[in-house]
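Student: If you want the building blocks of each chain, they are given just below.
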Amino acid sequence: MGLEWYITRRVAWAVIVTFIIVTLTWALLTAAPNPQVSQAATQAALQGGDPAEARERARELRGLDAPLHERYIDYVTGVYTLEWGWSESRNQPVTEALLESLYYTAQYSVPWTILTILLGPLVGIYSAANQYSWKDHVATGFAFFGYAIPNFFFGIILLLVFGVYLDVVPIVYNTDVAVFSLENAIQLVLPVFVLVTGSIGGTMRVSRNESAEYINADFVKTATAKGVSPLRIYARHILRPTMVPLSTTIVAQLLYLFVGSSLLVEVVFGIPGLGQTTFQAVIAQDTSLVLGSTLFFTFIATVGNLLQDVVYTVLDPRISFDER
Amino acid sequence: MPHDIDRRGDEAHQMKRRRWLQALGVAGAAGLAGCSGGGDQETTAETTEDDPMGGSETTEGDGELPSVSGTYNSLASATYETLNPIYNDTYGAGVAIEYTLDPNYSFRPGTEQLPLTMELSSDDNEVWVASLRENMEFSDPYGEVTAETFTYQIQEVQQTEWANTPDSTNWYRNDEPLNVEQTGTYEFQIELPSPDPLYLETYDPSLYPIPIDLMKPYVDEEDAKGFQEDEDLLELTFTGNLGAFSLDEWNRGSGITFSRNDDYYLQEADDLPEAFSNAPYFEGIEISVVGEEASRLAALETGEADTAAVPPNRVSEFQDLESTYVSVQPQSYNEVCTYNMRDNGWSAGPGNLFREKKFRQGLASAINKERLVKGVYRGYADVEYTWQPPWSKWFPGEDELMTFGTGDLYGPKETRSRIESAIENVEYDYSYDGDRLVTPEGDQVSLSLYHVAGQNTEKNFAQYIAQELDKNAGINVELNAIDATKFANDYWQQQVPDNPDQYEWSNGRNNAGPREVTSKNAWDMSVVYGLNAYPLNPLTADVFFLKDSVYNPYGYYPSWNAKELFQEAKNAESEEALKEALAEIFVKISEDQPMGMLAFPSDTIGYNSSLQGPIENYFSGWDFPTWHFEE
Numbered sequence: 001m002g003l004e005w006y007i008t009r010r011v012a013w014a015v016i017v018t019f020i021i022v023t024l025t026w027a028l029l030t031a032a033p034n035p036q037v038s039q040a041a042t043q044a045a046l047q048g049g050d051p052a053e054a055r056e057r058a059r060e061l062r063g064l065d066a067p068l069h070e071r072y073i074d075y076v077t078g079v080y081t082l083e084w085g086w087s088e089s090r091n092q093p094v095t096e097a098l099l100e101s102l103y104y105t106a107q108y109s110v111p112w113t114i115l116t117i118l119l120g121p122l123v124g125i126y127s128a129a130n131q132y133s134w135k136d137h138v139a140t141g142f143a144f145f146g147y148a149i150p151n152f153f154f155g156i157i158l159l160l161v162f163g164v165y166l167d168v169v170p171i172v173y174n175t176d177v178a179v180f181s182l183e184n185a186i187q188l189v190l191p192v193f194v195l196v197t198g199s200i201g202g203t204m205r206v207s208r209n210e211s212a213e214y215i216n217a218d219f220v221k222t223a224t225a226k227g228v229s230p231l232r233i234y235a236r237h238i239l240r241p242t243m244v245p246l247s248t249t250i251v252a253q254l255l256y257l258f259v260g261s262s263l264l265v266e267v268v269f270g271i272p273g274l275g276q277t278t279f280q281a282v283i284a285q286d287t288s289l290v291l292g293s294t295l296f297f298t299f300i301a302t303v304g305n306l307l308q309d310v311v312y313t314v315l316d317p318r319i320s321f322d323e324r
Numbered sequence: 001m002p003h004d005i006d007r008r009g010d011e012a013h014q015m016k017r018r019r020w021l022q023a024l025g026v027a028g029a030a031g032l033a034g035c036s037g038g039g040d041q042e043t044t045a046e047t048t049e050d051d052p053m054g055g056s057e058t059t060e061g062d063g064e065l066p067s068v069s070g071t072y073n074s075l076a077s078a079t080y081e082t083l084n085p086i087y088n089d090t091y092g093a094g095v096a097i098e099y100t101l102d103p104n105y106s107f108r109p110g111t112e113q114l115p116l117t118m119e120l121s122s123d124d125n126e127v128w129v130a131s132l133r134e135n136m137e138f139s140d141p142y143g144e145v146t147a148e149t150f151t152y153q154i155q156e157v158q159q160t161e162w163a164n165t166p167d168s169t170n171w172y173r174n175d176e177p178l179n180v181e182q183t184g185t186y187e188f189q190i191e192l193p194s195p196d197p198l199y200l201e202t203y204d205p206s207l208y209p210i211p212i213d214l215m216k217p218y219v220d221e222e223d224a225k226g227f228q229e230d231e232d233l234l235e236l237t238f239t240g241n242l243g244a245f246s247l248d249e250w251n252r253g254s255g256i257t258f259s260r261n262d263d264y265y266l267q268e269a270d271d272l273p274e275a276f277s278n279a280p281y282f283e284g285i286e287i288s289v290v291g292e293e294a295s296r297l298a299a300l301e302t303g304e305a306d307t308a309a310v311p312p313n314r315v316s317e318f319q320d321l322e323s324t325y326v327s328v329q330p331q332s333y334n335e336v337c338t339y340n341m342r343d344n345g346w347s348a349g350p351g352n353l354f355r356e357k358k359f360r361q362g363l364a365s366a367i368n369k370e371r372l373v374k375g376v377y378r379g380y381a382d383v384e385y386t387w388q389p390p391w392s393k394w395f396p397g398e399d400e401l402m403t404f405g406t407g408d409l410y411g412p413k414e415t416r417s418r419i420e421s422a423i424e425n426v427e428y429d430y431s432y433d434g435d436r437l438v439t440p441e442g443d444q445v446s447l448s449l450y451h452v453a454g455q456n457t458e459k460n461f462a463q464y465i466a467q468e469l470d471k472n473a474g475i476n477v478e479l480n481a482i483d484a485t486k487f488a489n490d491y492w493q494q495q496v497p498d499n500p501d502q503y504e505w506s507n508g509r510n511n512a513g514p515r516e517v518t519s520k521n522a523w524d525m526s527v528v529y530g531l532n533a534y535p536l537n538p539l540t541a542d543v544f545f546l547k548d549s550v551y552n553p554y555g556y557y558p559s560w561n562a563k564e565l566f567q568e569a570k571n572a573e574s575e576e577a578l579k580e581a582l583a584e585i586f587v588k589i590s591e592d593q594p595m596g597m598l599a600f601p602s603d604t605i606g607y608n609s610s611l612q613g614p615i616e617n618y619f620s621g622w623d624f625p626t627w628h629f630e631e
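Here the protein sequences come in this chain order: B and L.
Residues in the first sequence are numbered from 1 upward in steps of one, following the numbering used here.
Residues in the second sequence are numbered from 1 upward in steps of one, following the numbering used here.
I should point out that these hints are in silico values taken from the structure, not numbers from a laboratory.
Bear in mind that the values here come from a model prediction, so they are computed numbers and not experimental data.
Ideal Cβ placement from N, Cα and C applies to all residues, glycine included.
Treat the hints with care, as some may be off.
To spell it out: a stretch of chain L is covered by chain B in this simulated footprint if at least three of its residues, at any positions, have a beta carbon under 8 Å from a beta carbon of chain B; those stretches are [said to hold, decoys possible]:
{"#": "1", "segment": "227-237"}
{"#": "2", "segment": "254-261"}
{"#": "3", "segment": "285-298"}
{"#": "4", "segment": "302-314"}
Extracted from the complex, chain B is given alone in its bound form (with noise of 0.2 Å):
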């Protein structure tokens, strides 16, 4: 009994909860009209058929007209099996759909993400070695700054200003390109730029107040007495206890890695990722694909917690999981 046994009821309970959600979206959508099936009485209606015919043959084709537990099982064998259906919309199986986005999405969140784990807690750090100085008014001005103005906003500034008038950055989103080439980092810059500014304020915040609250501990007073480093003092002694609160926060983000799509800065940029395709499949009312990217969200998000509850433990041993 211990860490294992503790690892071993979390994932169960992640199955569990996966489980839930698949379960009520089903229940939703079985509850819910399908609009495919009314739109084909419509057509009917309108060629002079017989409505009620249409829909039955629609239901039939759809296989709406199998039992519900028939309708239940062969929808959760789909989904487990990652038979997610075909997307109306885009006219590919939804599985396809997702991944492709996914690739794009990737290729600016990863950057994103890692620069802002990376950046958050060192620009917080900096500001805290040099409080109330001039370099940490200008170090929390730039975290509040790119807190504080929209993305997309910010988004459209640069794209002006480096796109149309110094004419650097390419305004056009180009997937032609290498995944690993310079003209792909060129047309990146930018997206990653402002999302890494609208997402460190908070990090970079915490740990600033964190580490300050270190920076005049008695156990850096003495490490300072005996002689060591200041880099050392930084990285072993201010950095490690700081990174105790921000770690729920920061493996968080991490999942972000290749989920965290903004819809905005996609769609200003023109970058064909996740957000993008998810937003368009729920205004085209493309059921498969906003159900396959709802599951796709819903699974990561339950993996993400799983590990973040893990990690908390792993980090801290002050944190008891026996009771749990």
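Add chain L to chain B, keeping to what the hints say.
Tutor: Chain L alone, transformed into the frame defined by chain B:
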């Protein structure tokens, strides 16, 4: 082969490009401008200002063919749902499909038939003979295009119920399938039940060639779903030499790339201008999806794109740039203010004054159309009095029409006298209290007006209407910005009743029954949709004016004999007779004011300065394969 500019309504509604459903297309999204153009316009586009539909040949006159160079970069504002030629019903995707696959015919300036894969001709306007070109090939392994390619598609796909194609109804007349017969390897004929001199202008016979072997498995199984999802159809892999370009890659989220087709079948055509003999002149085409108008314009400015629609308020800016020019191309969508005459319209008080012809005439007299054209559309539009643009050959001439909103038929006096006489006709006690029109309870009449959120030109248009109605009619107008899809579903289209048989008619969601059948939410006025005036074949526009047609969301009951007059026009045997019949219809429409008919904006399309080809004509783009970059 039209230019690659999406129209707002097409995206929102996925309307058919060429048929009546086109009706829903909202008049030109981005750039709407009049054929009047501007005197100081710097443009390298050819102009046919006197006659926007008139004749004009391609730019090549000296016999020297342009060289093949560059990639033509165009922008689309939304992604494509499908590129399956059989099932596509949107304008944007239609343009993309036609880069790789020619339809059977199109029109060139002068409304002359432009034979592409075939020429359609008839001696009696009843039996139409299709003569195919003899050098058309699909990609391997599908072989040659013959008459059977088309007759098979018409009979086994279009004229069946299972396939449920959007063009299916084109192949029926009076609920009977048209008789189509193969008369030779490269010839077939279509027999109409009665003569129709404007058959080609209806675009009904429009078809894409699709290989029989590709269709057959789905035909045998009656598998519509498989047919829609077929990869060869979706990725256009079968197109052979049938289009100027071949599709390289379709990235669902970001766009499409095409490369030049070296052996385009029209290179051998001897009935087309010389420039076709080595067409096309671009090495490739790239369509990128860019959702934001600002980004599309920026891309045009920096040269990343070779074309983009320019909104009227930025036309002069792009005309002044050295790297771009703006071509003003008349188009057929008008800007109308529709009135909800159904039971959930007129939220101001009891009754529904919109149902009174005099009241509608009063509203039309309240809006100064000339100022609208000048102010909102910066002069790039024509004033609209009836359901036909002034440059159409069917336009009866202003002398015959009620020219509401201009001259003597504009102003508060004209407006109020008509509204007052309308009030005399209704049982409720509406009246004028000073300058304000008030309800029987004494409150000012207040009406809602819906417009699409995020469309600046349209918002200005709505604001202008609100100001004019306030000033001249004493009516308070509340503006509501709304998403086009939401408006369509919850306001514009009615809820189909469970028992449609109990109504005199019920024709689907755009006219689900008489006025008591209503949409989910109430609305008073809307400028969300611009409707098509069909300058090629105005008979198609009857759907807007018949109370039991398939398209009457606003619940209009004509106070004139619309059905008879349209029938009379349809029976006309000569063009003269047709013109006369249509003139009578247009006069009636201008009198009855079914909706506020305000302006015909033109498309204002920006192009890269080095691009040669666009013309300032309704048919611009007819010779797209000959467009090229100047060296």
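Student: Decide, hint by hint, whether the structure agrees.
Tutor: Hint by hint, here is what the structure shows:
1. Counting residues of the segment 227-237 of chain L whose beta carbon lies closer than 8 Å to any beta carbon of chain B gives 3, which meets the minimum of three for the stated coverage.
2. Evaluation of the coverage hint for the segment 254-261 of chain L: fulfilled, as 3 residues show C-beta separations to chain B shorter than 8 Å, against a requirement of three.
3. With 8 residues having a Cβ less than 8 Å from any Cβ of chain B, the segment 285-298 of chain L passes the three-residue criterion, so the hint holds.
4. Coverage of a stretch by a chain is defined here by at least three residues with a beta carbon nearer than 8 Å to that chain's beta carbons; for the segment 302-314 of chain L and chain B the count is 3, and the condition holds.
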